[in-house]
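Student: Just so we're aligned: the sequence shown equals residues 37 to 542 in this note's numbering.
The hints are simulated quantities; they were obtained by calculation from the structure and are not laboratory data.
Label-pair distances were calculated between CB atoms; the ranges are: (1) Q384 / G292: 57 to 67 Å; (2) G399 / T477: 30 to 40 Å; (3) S388 / P329: 42 to 52 Å.
Backbone N, C-alpha and C fix where the C-beta goes; we use that ideal spot for every residue, glycine too.
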Amino acid sequence: MTTESTPTRPDARHHAPALLTAAALALGLGLGCASGALTGPTYEEGDAGSEGDASTSGVAPGCPSSSCVIGTTICVGADEVQYCEAGNDGCGTFVLGETCVDGETCVDGICASGCVDQDGDRRGIGCEAGSDCDDADPERYTSAVELCDEKDNDCDGLMDEGQVCEADCSAEECTPGALNCVDSRQLSECRADPGTGCGRWSAPVTCEGACENNACQDPGCIDMDGDGRGEGCSFGPDCDDNDFNRFPNNPELCDGRNNDCDDQIDEDYPSLGEACSNGVGGCAEQGMVVCGPGGTTTVCNAVASNPGGTEVCGDRTDNDCDGQVDEGFGSVGQSCSEGVGACRNTGQIVCSGSSTTCSASAGRGSTEVCDGEDNDCDGRTDEDNICQRCVEDSHEDNDRSHLGTSLPRGSSLSAQLCGAGGTLDQDWYNLGRYSAGQTMTVDIEFNNPQASIHMEIYTSTFQAATGNQSSGHRISHTAPSTATYYLWVYGAANTVTGTSYTLRHR
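Whole structure, please, built from the sequences with the hints as guidance.
Tutor: Here's what the structure looks like:
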């Protein structure tokens, strides 16, 4: 025997929004457990139910029919609760309330854990026996046997299909309408059983004369239609001696005729003409109750449309007609990313027709350089030994102060620390002539997490200032005397060959 897990009562976090009164919470959202199943709020006609289906009954006056009933909650998918709140126009609109945590499922507008079975058929959300397409009817679930009861028992969008309303009369006693002499004076008639329409022998009647050739040989019987009834006949009088199927006490069939001659037609089938529907979700079609095959039952004449369609994400409609809304899209709202390396951008998973997609788009790559980044977005960083290919940079020969590359105020340039045999060169830059009291400022930017780059400022005769800089930092110095000043750039002990950097002379 299998045992369902007893669900956990949702805490206050899972109740309706603050706009609901305490009384409304007590009446509408109280939960109780019985037989290992969770029972949730019961929505009467006009209330908002689960699975994204909210009635427009109770919509504020003057609001469109698409408005929701303020204070109600619905489930969107299996893990999202939405609340109906008043918008700026005073009309109800659904807003995101909360997302159920792991182990919980949204049912009837609340997050709950464990087996959620509200009709006692041991099926529902989180139940071992499987899901339930109608948790308010214990006779409706996916694996149920279809019955002749004007219901879609097996939840396939069809009602009373498979000729279930046609009784199996293979073992019937006789064919309705047949007559049989029980003995020389008694005659029995085969009548249709009111429940199945199958033939059953009636109690015999005594003929006025002899019973021969399966008929009463009544000398005074006038029977024009051969049903054994008429003036002076053993079976009694006939209300319509021109119709074999109409006589008193004949079982009433659902066929649009007064079979039993009581001045009523199809009176044993009170649901005839009532409105009905076939299918669930977006497949539901409206119709009316009509007579079924054989005339012994009634069926709904509506035909479900497009059973088994594709579920569309985010439209709050049961497109595939399985009793669930927007199922299979639980990842919506989660973070995601597109692209790799420098092209990687983040976003959220959003609906895209019958599937989902990431809202982010990958960026465009650039030429790979030695900077510890995947510049060309191919999933590799500083590949192809790019950091080992630099022997001399484009500003060589600038490894002496008097050979320094010109870097006047207001200019910038990009360079690399190159070298051979594991030894880096040093780069010098001519900052120009500064008068005493003037301040010179140089920014350096580089992106190499393995090491830093040093900067120092010199005159032609002595060191003026030093700075051990990081990416985005600067060195500043006020000239003590009028002279030409130079910037010395060199790597640390663990700076790799080919490290790129950018200088900006303020």
